[in-house]
Amino acid sequence: MIPDLGKYTVTILGSWGATLALLAALIVLTLIRGAQVKRALEAQEKRMKKNG
Amino acid sequence: MSIWEYANPVKFMQTSGWLLPWVFGATVLTLVPGLVWGFFFTPLAEEFGATVKVIYVHVPAATLAINIWVMMLVTSLIWLIRRHHVSALAAKAAAPIGMVMTLIALITGALWGQPMWGTWWEWDPRLTSFLILFLFYLGYMALWEAIENPDTAADLTGVLCLVGSVFAVLSRYAAIFWNQGLHQGSTLSLDSEEHISDVYWQPLVLSIVGFGLLFVTLLLLRTRTEIRSRRLKALEQRERMA
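Residue numbers (my numbering), protein chains in the order written: chain A, 4 to 55; chain B, 89 to 330.
Isolated chain B, as found in the complex:
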């Protein structure tokens, strides 16, 4: 059996239909406890006080914002190289989720930044690259809507995705590349010496897994909708031609 079998829309619909309840169940079982643990059962932090509770929504959203673009890059490359329609539709389906995650990261970052840094916004390397990533998400979604031919739209958005990947990488590593700005470095290192204290880290990891599974659930739902929408347009066209 090859992974490319799942590029067949019928096979994808069958497999995703079977998978969805399980992924949804896993989402509820990780996201709800992760967020409840983070909000209600974590102590005040020495440096951040009670604002440490923002980490449980800010960091998972920011992590996903970057990784969703990476996923879109991979699926766009699959489209550009192998011309599998499901991969192009998966990239299209992922974009609004990534856009919302980037927006959440920007809003919660601004709200958190005000009491910690004394400002809502600073043209700091990480913040600026995140804002540009948000604009790339909007541009990517607009480009899909602006082009009528779906294959041409998939080609052009695929190229846009390649260009935007520079900013996805910058968003992740900006704090290291420039070694300046307000935003701190790693929160999530697997090295226990580097990452935040376990009492905050454990619920954070659970929240990130929950956000990740929520993304998979929404991605499956939205990709199924895109496949149905593509079939609907094809049938309507066939009817008009008859």
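Isolated chain A, as found in the complex:
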């Protein structure tokens, strides 16, 4: 399935691997922080509503 990369296998797979790993980390961290902040804001709004 993977094309024959010859003597450049490490160069090419290293480049693609590093790129995909960094993009995946960026996406995951973005989603995690987004969910954390959203949850914290909802809890704060709920608490303030309850306390008047």
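There may be inaccurate statements among the hints.
What the hints assert, rightly or not - The calculated lysine-lysine pairs, modelled on DSS-like cross-linking and capped at a C-alpha distance of 27 Å, are:
| id | chain 1 | residue 1 | chain 2 | residue 2 |
| --- | --- | --- | --- | --- |
| 1 | A | K41 | B | K321 |
| 2 | B | K321 | B | K99 |
| 3 | A | K52 | A | K41 |
| 4 | A | K53 | B | K321 |
| 5 | B | K99 | A | K52 |
| 6 | A | K53 | A | K41 |
| 7 | B | K99 | A | K41 |
| 8 | B | K321 | A | K49 |
| 9 | B | K321 | A | K52 |
| 10 | B | K99 | A | K49 |
Stated by the list, open to error - A partial selection of chain B residues facing chain A, derived with a Cβ cut-off under 8 Å:
| id | residue |
| --- | --- |
| 11 | T139 |
| 12 | A149 |
| 13 | V188 |
| 14 | L191 |
| 15 | L306 |
| 16 | S317 |
| 17 | L323 |
What the hints contain is simulated information worked out from the structure, not anything from laboratory work.
For glycine and all other residues, C-beta sits at the position ideal for the given N, C-alpha and C.
Got chain A; can you put chain B on it based on the hints?
Relative to chain A, chain B alone:
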């Protein structure tokens, strides 16, 4: 209707919430085929051999690294001139994405440079200006974290963004300005005489569009998070004062 309406956080949250699924869908529809086409279905290049496949991650990342800083410059100027909070938060949200893109460009460039130029790194004008751009991204993010007052942080990071723009421009045009160094000139010209062969250029354009849409998706998500975070801090402060 004015474009400044979107500087209103409520309006921005409504519009971005509606836009996000569409932009995400467009990202998947361009990025996945662009990368698959580039990796699996492009022939070996005469000059670069199989390493030409690195172009599909290196060039889109490098293109975005520069253009994200330009976007940050525009939004910082909007903040400095018109004091719209959403624009300052959009610049803040874009910085980590730009930093990652610059890092990808540096890593893939070093990996590609070793077999092509016989070295991982050279103090070539484009490579050096890219490294400085990376340091500016780190400095910009650190400055946001270091200052407690968000308006002061937005002011100072806005000024830093103006200064860093010199290096963003240098990164783009270094190969032309100095006409020396290892890095080659244009890969992306719209002129078919100048740019690389169509068999490589077409999947490359698709990958660049995919990377660009991924940036927009992440930017919308992160700006929404920054707006929520700002509201959370305001509510916490109000509660403490009560």
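K41(A) paired with K321(B) [C-alpha distance capped at 27 Å] = Holds - the C-alpha atoms of K321(B) and K41(A) are around 12 Å apart, at most 27 Å.
Against chain A, run the beta carbon of A149(B) and see if the smallest gap drops under 8 Å.
-> Holds, about 7 Å.
Below or equal to 27 Å on CA atoms is what counts here, so check K53(A) against K321(B).
-> At roughly 18 Å apart (the allowed maximum being 27 Å), K321(B) and K53(A) satisfy the hint.
Go through the hint on L323(B) and say holds or violated, using the shortest Cβ distance to chain A against 8 Å.
-> holds, 5 Å
Please work out if K321(B) and K99(B) have their alpha carbons no farther apart than 27 Å.
-> The hint holds at about 20 Å.
Distance restraint between K52(A) and K41(A), which requires alpha-carbon spacing of 27 Å or less | holds, 16 Å
When the nearest CB of chain A is found for T139(B), is that gap smaller than 8 Å?
-> This hint holds: T139(B) lies near chain A, its Cβ roughly 5 Å from the closest one there, short of 8 Å.
Interface hint outcome for V188(B) [beta carbon to chain A under 8 Å] | holds, 5 Å
Would the stated hint for S317(B) survive a check requiring a Cβ distance to chain A of less than 8 Å?
-> holds, 5 Å
Given the proposed pairing of K321(B) with K52(A), does the C-alpha separation stay at or below 27 Å?
-> Between K321(B) and K52(A) the Cα gap is close to 16 Å, so the pair holds against 27 Å.
Satisfaction of the L191(B) interface hint, Cβ to chain A closer than 8 Å = holds, 6 Å
Pair hint outcome, K321(B) versus K49(A) [Cα-Cα no greater than 27 Å] = holds, 15 Å
The structure shown violates none of the earlier numbered hints.
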